[in-house]
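K.L.:
Below are the chains, spelled out letter by letter.
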Amino acid sequence: MSQPLIRVEGLSRRFDTGGGFLKAPRSMWAVRDVSLAVGQGEVLGVVGESGCGKSTLARLVLRLIEPTSGRVLLDGTDLTTLGAADLRAARRRMAMVFQDPYSSLDPRYTVADVVTEPFVVQRRPVPPGAVAEMLEAVGLPASAAAGYPHQLSGGQRQRVGIARALALHPEFLVLDEPTASLDVSIQAQIIELLSGLRDRLGLTYLFISHDLGLVRYFCDRIVVMYLGAVVEVLPDTTTAPRHPYTRALMDSSFSPDPAQRRTLAPLAGEIPSPFALPAGCAFADRCPRADARCLAERPPLDGDPAHPTACFHPL
Amino acid sequence: MTAAARPAPAVLRAFRRPVGALAGAWLLLVIAAAIFAPLLSPYEYDIQTLKEAYQPPSAAHWLGTDEFGRDLLTRLMYGARTSLSVSAIAILISVLCGMTLGAAAGYFGGRFDRLVTVVVDLTWSFPEILIALILVAIIGPGTTGVLVAISVAYLAQFTRLTRAQIMTLKGETFIEAARSLGAGSGHILFRHLLPNALAPVLVSAMLATGDAIILEATLGFFGLGAQPPTPSWGSMMSAGSALLFKSPGIILFPGLAVAITVIAINLFGDALIAALDIRSRMRPPQ
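Residue numbers (my numbering), protein chains in the order written: chain A, 1 to 315; chain B, 1001 to 1286.
To be clear, the hints were calculated from the coordinates, so they are not data collected in a lab.
In this text, a Cβ means the ideal position worked out from N, Cα and C, and glycines have one as well.
It is possible that some hints are incorrect.
Partial selection, computed: residues in chain A whose CB lies under 10 Å from chain B [as the list claims (entries may be wrong)]:
| no. | residue |
| --- | --- |
| 1 | Q3 |
| 2 | R7 |
| 3 | S103 |
| 4 | L168 |
| 5 | V174 |
| 6 | Y217 |
| 7 | F312 |
| 8 | L315 |
So these bits of chain A aren't anywhere near chain B, every CB distance computed over 12 Å [stated by the list, open to error]:
| no. | residue |
| --- | --- |
| 9 | W29 |
| 10 | S104 |
| 11 | Q122 |
| 12 | Q187 |
| 13 | L193 |
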């Protein structure tokens, strides 16, 4: 791996729900001790079921929410300790594309207003011709600038969202399920667009998704999350999984080729409540390989440094 | 930057609906009559001509005269000045204060929010007329007293509405997107939250103006509003109530003026809501 642009060290976040009348306060760990690194120009995928903390992780990395503990280093600078002015300056180097293309654009802003907002926020003049240039880069006609988001389709809105993210020429983009709200045919276009932009602009992506098939197609390395913690890091998209959960995830995603489809062994049981974490491995009560040790002890993420797995009985 | 592409203002689009056009035309007529009263009427509103008292409608006096021989139409037009301006200015003050309080409470939350919510809920539990009567009793009768009373009476409504709007909008992804670009509270409040919260508050202000006209007339009827000889619709009705059977026009015409104007404001408000069409702009129909 090349020099890491983003380094996440021991990142955790606890959410407390305030107690009320006849209600005890509760707390849950949405993200538990996550460490990862994204190399310059790399696409790192993060997969997991909904509720596994991957969107929280995305927001922690960009410090849109504050971590309970841990650090996020952008090119060696710790983002979690920056003051307001320095953080604003650092935000020029990173941006985010959001899942919902409908609520991610202000309905009162024209497309031109949306893509120039980064300049307004950073108190910089808008370069002449920048609007048309940005729209062209994401495959929209310059005439779209005067329109409102409600006049655009979901795919077009997502292109506007990508143009906004790229406005200040960031190096690092967090893509939070950028295609999850789109039709399948549009998904492919957006992925093509993101892939092309990465090659052309040398971007680094943190790609959050629940779609393992998409992540395997698009990403260089894959981080698998379960209940707020990393269970496995796949060094590339072809390596066989070692963690039973990753295996179950892969089995549950359909292959387009019927000959390659395996018989499904659906996961039994439910994801445990993050309010009451099990003492041992979080996956133990759904895992076919679990034994007494898995229920009592939490497996650390170790083994091969290139392919770490948090499991006592890897495949 | 792209002003030409922005759609026509909602107020203009409200006029394109038949009901909206009719209601809007009446409101414009009343406002014009109030502004140009001295030019439109050959009579003075305060000169008494006792030998012409209690006249029925005629070519000289379209709506007849009152118990002091003053032209009723003239007094109605001057009365519109008091009633409309006091109501509108009071609601304007109420909206400005309510939006400031509600936006601050909804955006910053915490202890300030709890304080505002408790005070607002307390005043919300009293009828507006009671709050207004207490305040006029403290300040004293007259235009200023009524103005303050109406402003305070409707303050809770706008504070609550703005707070609720801001709290809903705060969770939208475009707010998070702005923060991810490095936007501070000022940008988020004034460039995103308040512009999006404005439309429903303005519609509510429009409808509240109708209620405020009734409240102003009520206070005037009790003799707490503008003092004679300055006419207001409420005080005119008060004077006419004693003469209901002798000369019904004295109470009937200001009563009709209040009723029709309030109905017109409500109908125009409805047309405005339809023209604003806030929801459908957020998401295309599924």
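K.L.:
Does each hint fit the structure? Answer for all of them.
P.N.:
Hint-by-hint comparison with the structure:
Look at Q3/A: its Cβ only gets to about 24 Å from chain B, farther than 10 Å, so that hint breaks. Taken as an interface hint, R7/A does not check out: its beta carbon lies about 20 Å from the nearest beta carbon of chain B, beyond 10 Å. Given the 10 Å rule on beta carbons, the hint for S103/A holds: about 4 Å separates it from the nearest Cβ of chain B. Of the supplied interface hints, the one on L168/A holds, with its beta-carbon coming within about 8 Å of a beta-carbon of chain B, less than 10 Å.
At its closest, the beta carbon of V174/A sits 8 Å from a beta carbon of chain B; the interface hint therefore holds under the 10 Å criterion. Proximity of Y217/A to chain B is violated relative to the hint, the smallest CB-CB distance being about 26 Å (cut-off 10 Å). About 39 Å separates the beta-carbon of F312/A from the nearest beta-carbon of chain B, more than 10 Å, and the hint is not met. Taking 10 Å as the C-beta contact cut-off toward chain B, the hint placing L315/A at the interface is violated, the least distance being around 38 Å.
Listed as a non-interface residue, W29/A keeps its Cβ farther than 12 Å from every Cβ of chain B; the least gap is roughly 22 Å. A beta-carbon of chain B is positioned within 12 Å of the beta-carbon of S104/A; the least distance is around 4 Å. Not every CB of chain B lies more than 12 Å from the CB of Q122/A, the least distance being 6 Å, so the non-interface label is violated. Every CB of chain B is more than 12 Å from the CB of Q187/A (nearest about 18 Å), matching its label as outside the interface.
The Cβ of L193/A sits about 18 Å from the closest Cβ of chain B, beyond the 12 Å cut-off, so the non-interface label holds.
Hint check: violations occur at hints 1, 2, 6, 7, 8, 10, 11; the rest are consistent with the structure.
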